[in-house]
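Work out the full structure: start from the sequences and follow the hints.
Note that the protein sequences, when read in sequence, are chains C and H. All the letters of the first sequence, read from the start, carry residue numbers 1 to 411 under the working numbering. All the letters of the second sequence, read from the start, carry residue numbers 1001 to 1234 under the working numbering.
Quick caveat, the hints were computed from the structure, so don't treat them as lab data. Treat the hints with care, as some may be off.
[Stated by the list, open to error] Ranges of calculated distance between the beta carbons of each label pair, as one might list FRET restraints: (1) C:20 to H:1116: 30 to 40 Å; (2) C:396 to H:1010: 48 to 58 Å; (3) C:396 to H:1021: 42 to 52 Å; (4) H:1010 to C:284: 54 to 64 Å.
[Said to hold, decoys possible] Derived, one-sided and incomplete: chain C residues facing chain H with beta-carbon distance under 7 Å: (5) 10; (6) 240; (7) 402; (8) 404.
Built from N, CA and C at the ideal position, the CB exists for glycine as well.
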Amino acid sequence: MSLVLTIAWTHVRHRARQTLVAIAGVMTGVAFSVMMAAMMEGSQDDFIRTLVDALPHISITDELREPSRQPADQIYAAAEFHGLKPNVRRPGIKNPMATIASLQGWVPGALTASVQSKAVLRFAGRNLTVAIIGIDPRTENEVSTLASHMRQGSLNSLYRSSHAILLGDRLAAKLGARVNSNITLASAQGISMNATVVGTFHSGFRATDETTGYVLLRTAQILERQTGIINEIRIRTNDPMQARLISERIGEQTGYKAISWQEAQEDLLSAITLRNVLMYTIVGAILLVASFGTYNIISTITHEKTRDIAILKSLGFRDRTIRSIFIIEALFIGLTGAAFGWVLGYLLTRGLASLEFKTPFSDYNHLPVLYSLKHYLLATAVALLSSVVAGYFPARAAARLHPVDIIRGAT
Amino acid sequence: MSPPLIEARQVTRILPGEVPVTLVADINLAIGAREFIAITGPSGSGKSSLLYLLGLLDLPTRGDVLIDGRSTTAMTEDERAEMRLSRLGFVFQFHFLLPEFSITENVALPMRALGRLSARGITQRAEELLASLGLADHLRKTPDKLSGGQRQRVAVARALANDPPVILADEPTGSLDTAATAQVFGILRDLVIMRGKTVVAVTHDLNLAAQMQRRVHIVDGRLADDVQAQPPVR
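Below you can see the structure in the form of C-alpha cells.
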C-alpha cells in the first residue's frame, strides 16, 4: 500500500467513531434524497400514465382548424367577406374506412373509429344531457382502457340488444338506472329511441363518469341521423411521447384536426414542469443539507489533524502529499457513505412502495415510486463532491501553514 | 574545502503584525561536520526561532540559509521539503510522533516519503535504528505506551531515518526527568562521536551546554557569544 493510503487508512481506522458518524451522515443524505427522488418522480410518472391511459393519445375529429371558407372567398382572393355564415359542411370524416386504412399503414399504434354525439337521456321522469359515444367494441379494447373500467357488464354486452348503452356509474346512480333498465335517448337531430342499460363503468374521472354513455357505432349513427358517419378516430400510439409528432403528420395528411394528448393536456403538463422544479429543489435542498453535515464532520476531522500535518511537514512531506492524504480520507468516507446510502435509500423506497393507502377517489392503493439509477448517481456525485471539498480546503489551509507556527503553538 | 553543512548569512526573522516582533536579527553562523553545538539563551531570546530557520521550518525575513552551500530562500516549498527530508533530522521538546502508528511505522515514515529503500529495507532499518537506541522490545507499540524518555529516543531514531548529516534538536530533554535527560543527552553525544553526525541542540540547561563542544549564545535575537571548547567532553 502506498504511503498516502497507509496514513489515510490508519487515520480512518483509528477514529472509528468519528469515521462512522461521518459515513452515517453521508449515508442519510444519499438515502433520503434517493427516496425523495424515487417518490416524486414515481408519482409524476404514475400521474402521466393515468393521463395517458385515460385519453386517446391522438384524437382525429372532423373539425377543421379554421372555419370553412365561402365559395366567394375561394374565388375572389383579394376580398375578405364579412357577415357571411361559414359554408355548411357535411359533418363527419370523409371516407372514414379509407382514412383509417391509410393511417394504419404507417402510424405505430392502434386505431378505432367512434361517433361523438349528444343526447338527452330520459329515465324515471328525469332529463339529463349526456355525451353519447358510439364505439366499436372489437377495436376499442386496443385503444382505451374502458374495458378494464367496467363495473358491470362488458364492452361486448353492447351486442346484447338492438340499442344497448353503457353508463358511467355516477350517471347511473344519479338516475337510479340499473342494468336492464330501459331509458329513452333523444338526439339533437330529433331522433328518439329506447335503449337498454347493459353495464356501467368507472373511469375515475368524475366528469366522464357523470355524463357519458357508450353505445355501438350503429346506434350513435342512428342518433346522428346519418348512416356510416364517423366523426372521431382515436389512436393509441406505442410510444405516447411520440404522439405530438405523429398527430402533426396526421393533420398534414388528412387535413383534419388531430390532437395529441400533450396538446389536449397542456395545462396539466405545464403544472408537471413546475412540479419538476419543485422536486429538484427539494432533492437539492436535502443534498445540500446533507453535504453541509458531511463538510462539517470531515473538516473537523481534518482540523483535528493540524498537529499531525505540522509533524509531517517538518519531516519533509510535500504539501501535495499531505493534501492527498486528507482527500483520500474524505473520498473514503464519501464513497462508503454513498454505498450504504444506496442500500438504505433502496430499502426506504421499497418500504414506501409497500405502504398501503385507501382513498375513495382512486383505485391504486400503493405509493408509486420510480427506481432510477440517475437518482443514485446524482446523490453520489453530490456526496462525493461535498466530501472532497470538505477534505480539500482545510487540508490545503493546514498544508500551507509553516510547521513552526503549529509547533510553537503546541510547545 | 567543502562548504559548511549549514550556513546562516545575515539571517533576520521578523513576525509581521501591528507591532512587528524581531525574533532573530543579523545572525551569521557556519555549522560544519561532526560538530556538537548548543544554542543557549534566556527564554524568548530567539534560540528556538534560530533553530527553525536553520532547519528550514521557517523562512527568514532577510538574509539566507545555505545548506551544503546552496541557497534555500530561493527554493520552492517542495525543494525545501526535500532538503528537510534528506539532509536534516529533527527532535522536538515534545516527541511529535504520530499517535496512531507504531514506533516502527513512525520511524519508517520519512524513509517511505523519500522512497530510496524497498518496503522490507525500510522496516529493517527502522527496527535496527530502534534497537540501537534500546527499544528492541517495543517495536510494535504505539507512542502512548512508552515513557517520555523512550518516546524521545524514538524521535531520535526517526530523525536518523534518512541518514541526514545534521540533527537539529529543540529542547530535546526539556520535558524529561534527570535520568532520561542523561540518557537522551548521551545518545545525542554518541551521534557525533560514533556516527559522525553534527548535532545542534537548543537548550536552556547550562549543565548540558557545558558538556558540548561549541556553545552559541543568543540574547535578544542576536548572536552574543560563540565559544569553541576543545575537545568535546566525554
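Hint check results:
no.	hint	in the structure
1	C:20 to H:1116: 30 to 40 Å	holds, 38 Å
2	C:396 to H:1010: 48 to 58 Å	violated, 33 Å
3	C:396 to H:1021: 42 to 52 Å	violated, 27 Å
4	H:1010 to C:284: 54 to 64 Å	holds, 58 Å
5	10	holds, 5 Å
6	240	violated, 59 Å
7	402	holds, 6 Å
8	404	holds, 4 Å
Of the hints listed earlier, those the structure fails to meet are numbers 2, 3 and 6, in rising order.
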